[in-house]
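J.: Residue numbers (this note's numbering), protein chains in the order written: chain A, 314 to 819; chain B, 521 to 727.
Worth flagging that the hints you see were computed from the coordinates, not collected in a lab.
If you're wondering where the values come from, they're calculated on a predicted model, not measured in any experiment.
There's no promise every hint is true.
Using 27 Å as the maximum straight-line C-alpha spacing, the simulated DSSO-like pairs for lysine-lysine come out as follows [claimed, not checked]:
(1) B:K609 <-> A:K363
(2) B:K665 <-> A:K363
(3) B:K596 <-> B:K609
(4) B:K624 <-> A:K579
(5) B:K596 <-> B:K616
(6) B:K609 <-> B:K624
(7) B:K624 <-> A:K570
The lines below spell out each chain.
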Amino acid sequence: MSTRCSDIEHLLSGYLDGELSEPDRVRVRAHLDSCADCRAGLDALGRAAKMIASPVPDVQPRRSWAEVSGEAAEAGRGQRPAVKLNGKAERRRRAQRPVFWPFAAAAAAAALAVVAVYFAGGAGAGTAAGGTVKWAEGALVARASAEERWQVYETGDAVPAGWLVRSRDGRSEVSLAGGVRLELNSGAEVRLDDETERARTVDLARGELCCAVPAGYGGFAVRTPAGSVKVTGTEFDVRLGEARRHAEVTTFRGAVKVSAAGRTAKVPAGRAVTTTTQAGPGETRRASVLDAASWRRAERVEDLARERLARFHSIPAMPEGERKVLCDFSRDSDVEAFYDSSTPRGRIRRTAELIVQADTHCQGTGAMSFPADTCLSSLAYANTRSLETDWSGWRWHRFEVYNPTLRKLNYQLLIKEAGGRDYEKRYNQYIWLDPGWNSVEVNLEQVAAGKLLREKGELGVPFDPAKAVHWVFAPLYEEGTEPPGLGEIKLVMDFIRLEERLPAGR
Amino acid sequence: MKASPEIPVSTNGAAEPAPPEQCGDEDLMTRVAAGEVELYEELYSRHFGGVSRFAMRVFGMSPTDAEEATQTVFMKIYGAAGRYNVRAKFTSYLYKVARNECLKIVVKKRPVAAGSAGSEETGASEGDDSGRDLEGRELGECIAKVMGMLSLEQRTAVQLRDSEGLSYDEIARSMDATVAAVNTWIHRGRRRFMERFRELYGDVYPM
Numbered sequence: 314m315s316t317r318c319s320d321i322e323h324l325l326s327g328y329l330d331g332e333l334s335e336p337d338r339v340r341v342r343a344h345l346d347s348c349a350d351c352r353a354g355l356d357a358l359g360r361a362a363k364m365i366a367s368p369v370p371d372v373q374p375r376r377s378w379a380e381v382s383g384e385a386a387e388a389g390r391g392q393r394p395a396v397k398l399n400g401k402a403e404r405r406r407r408a409q410r411p412v413f414w415p416f417a418a419a420a421a422a423a424a425l426a427v428v429a430v431y432f433a434g435g436a437g438a439g440t441a442a443g444g445t446v447k448w449a450e451g452a453l454v455a456r457a458s459a460e461e462r463w464q465v466y467e468t469g470d471a472v473p474a475g476w477l478v479r480s481r482d483g484r485s486e487v488s489l490a491g492g493v494r495l496e497l498n499s500g501a502e503v504r505l506d507d508e509t510e511r512a513r514t515v516d517l518a519r520g521e522l523c524c525a526v527p528a529g530y531g532g533f534a535v536r537t538p539a540g541s542v543k544v545t546g547t548e549f550d551v552r553l554g555e556a557r558r559h560a561e562v563t564t565f566r567g568a569v570k571v572s573a574a575g576r577t578a579k580v581p582a583g584r585a586v587t588t589t590t591q592a593g594p595g596e597t598r599r600a601s602v603l604d605a606a607s608w609r610r611a612e613r614v615e616d617l618a619r620e621r622l623a624r625f626h627s628i629p630a631m632p633e634g635e636r637k638v639l640c641d642f643s644r645d646s647d648v649e650a651f652y653d654s655s656t657p658r659g660r661i662r663r664t665a666e667l668i669v670q671a672d673t674h675c676q677g678t679g680a681m682s683f684p685a686d687t688c689l690s691s692l693a694y695a696n697t698r699s700l701e702t703d704w705s706g707w708r709w710h711r712f713e714v715y716n717p718t719l720r721k722l723n724y725q726l727l728i729k730e731a732g733g734r735d736y737e738k739r740y741n742q743y744i745w746l747d748p749g750w751n752s753v754e755v756n757l758e759q760v761a762a763g764k765l766l767r768e769k770g771e772l773g774v775p776f777d778p779a780k781a782v783h784w785v786f787a788p789l790y791e792e793g794t795e796p797p798g799l800g801e802i803k804l805v806m807d808f809i810r811l812e813e814r815l816p817a818g819r
Numbered sequence: 521m522k523a524s525p526e527i528p529v530s531t532n533g534a535a536e537p538a539p540p541e542q543c544g545d546e547d548l549m550t551r552v553a554a555g556e557v558e559l560y561e562e563l564y565s566r567h568f569g570g571v572s573r574f575a576m577r578v579f580g581m582s583p584t585d586a587e588e589a590t591q592t593v594f595m596k597i598y599g600a601a602g603r604y605n606v607r608a609k610f611t612s613y614l615y616k617v618a619r620n621e622c623l624k625i626v627v628k629k630r631p632v633a634a635g636s637a638g639s640e641e642t643g644a645s646e647g648d649d650s651g652r653d654l655e656g657r658e659l660g661e662c663i664a665k666v667m668g669m670l671s672l673e674q675r676t677a678v679q680l681r682d683s684e685g686l687s688y689d690e691i692a693r694s695m696d697a698t699v700a701a702v703n704t705w706i707h708r709g710r711r712r713f714m715e716r717f718r719e720l721y722g723d724v725y726p727m
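Let the sequences and hints guide you as you build the complete structure.
T.: Shown next as C-alpha cells:
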C-alpha cells in the first residue's frame, strides 16, 4: 500500500532535519523512493534551509563583555550588582566581578525634569541676556513691545531679553546661553524672558515651540497662557492651541512633570498631555511623537503617511479609481489593502479581491449602523489573509494604525469566522482612531466570549477562535457626520500580530 | 569515598575545571551563577553572533539595533544568572529571553523609528565594499525581505533551526510550544520562504 503525497508532505522538513520518529521516517523514506515530485520538494526545502542559514554579515561583537558591562556599570553608579553571589565564591570573586545595572535604568537616569505649570499673565521684563539667532527659513522678527514695529534679525544677531520674537514665514532657531535651543515653528511667538534664581523663562505667546535643554541646566520654564512647563535637561514640544486656552506638551527625552489648576501629571519620554487653563493637565497618553516632531523636519503628517505607503508595491493597471496595494504592512504578515477613493457617496463599488463582496456587505449594513446613503465616500479595506488563522490560545490581537488626518476616525474591525456568516456583527469591534499613531488591542478572549457585543440581545453563539479567518478593517461614519473628503483616508498599518499577553511596560 | 561526582570530566585526580572553551554552555552558566563571572565572556562571544542574527532576521533590526538588543539580552541573562535552571538547555533559555527582549524593543521603538531612524539604518552598514561582497549583501537583503513575509513564529522557528542549529525540542522549549507546532512552523516557514523567494527573486537567484 503506497502513501499519498499529501500524507507525508508535512513530514518532509522533519525528515530533512532528522526529527521524525522511526515509523514516520521509514514511511517517508519509502514514499520518496517512489515519488520524484516529493524528492524535488525535499530538495527545495533543503535549499530554502540552506539559504536561511547563509550568514548575515557583520555580527562579530565589537566589544568584549567586560567592556559592555563595565560601561553599563559606569552609567549606573551605586546600583547593586545584578548577580547574586553566595558563600565562599562571593568572597573569592568580589574583587573581580563587574558591577553594572540594567540598561533600562541607566537610560532612565539620563534626564530628570520637573515641570511646574502656573498661569502666566504678563511677564516682567528681564535683565538676562537674550538669545542668538541660529537660522531662520523666513524671517525672524522681534520687537520690544506691542507699540513698536517688528525688526528683522539676521543669523548671528543677538535678540535682547524681554523682546517678543516671532518666526515669520518659516521655522527658525534661537539659542540661549547655557546651550538651550529653541526651535520655533512658523508663526510661533515667544518672549525671551527674565532669568531669576537660575531659572530661565520663555513665554510662548502663540504657536509651537520645541525646546532642547541640556542635562544639568539649572532650570528652564516655558510659560503659556494655558500653563507652563519647567524642566532641567530634556527635550519637549509645546503647542499652544489657536484659542490659547490649551497646550499640548510632548516629551521626547527625559521626563517632565506638568501641574496646573491643582493637578499634576508626569509626562515621561514618548508620552504627551493636554493641559487647559481651567482643568489643568489630563491623563497622559502615548505621544504621536511623529506628529509632534514632524514640523521640525518640515514634514506634514500626510507626507509621513505617504512615505509609509510608498513601501508598498502598487500594482498597475487596476480599474479606474481602484488601487490595490500589496505591501509589507508588517513584518509579521503580509496584508492586502484595498483602496478605493472614487466611489460615489452612497454607492460602494465592489473591490477586486475582497473575500466578501463589498456591495452586498454594505447593503446589509443597516445592522452595522450606517444606512446606505450615509455610507462611505472613501473606502479603505485591509485584511490580513495570511495572519495565523487559528487564534485559539492567543489572547491579544494587536496592531498599530496611523491616522494621518487631523480628526478622530471611527472604524469597525470586522472579524470573520470560517464557516460562519460573513462578518457576523457580533464579533465586530468599533474603534476610534486618534490622529497619529494608534495602538489597537483586541482582547480575543473577550471576542470569543462575546463580551464586546454592541447589539443588544445578540449574546449567543460564541466565536470560535480556531476558525477565525481574518479580519477586515473598514471606516464608518455615523449618520450626520461629515465623511472625509475623497482620498483623504490613508491608513498605514503596522506590526500586526497575535500575542499571548500585553507586552510589559505598557 | 571522597570522589567528587560534581565534576563531570575528571582530569588527573585534581579537580581542575576544564578551560572555558571546552565547557558546555550549561556548565559555563552554572559556574557564572556560582560566582565565576569572568566566564560569562566566553558565553557572550560564543552566542553574540547567533542572537544578533536572530534580532536582524526575525525582528528586522539594523546591525546597530541588533547589537544593542544583543547586549540587552546578555545583560538580562547575567542579571538573572542566579535563577538559571540547569535542566533547560542554555540556548533554549537564551533565545527565549532574546525573543521577549526583541519584542519589547520593537514594540517600544516602533513609532519613533518610523520617522527618525530611517537615515541611521542606511548609514549603519560600513565596511568593505568589494563587488563580491556587494553581491552577497544583496542576496542577504533578499533573504531578509522574504523572511519578513513569514509569520513571527515561522521566522523564529526557521531561524533557530537553520541558522542556529537548535533541535526541534530546544526550539519548542524556547518558544513555549509543542514539538509538533515547531515542526509545522518550520515546515510551512521553509515552504513559504521558498515560494516567495522564487516568486520575487527567482530570476536573479534561481533556486
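J.: Hints numbered earlier in the text: which of these fail when held up against the supplied structure?
T.: Per hint list: zero violations.
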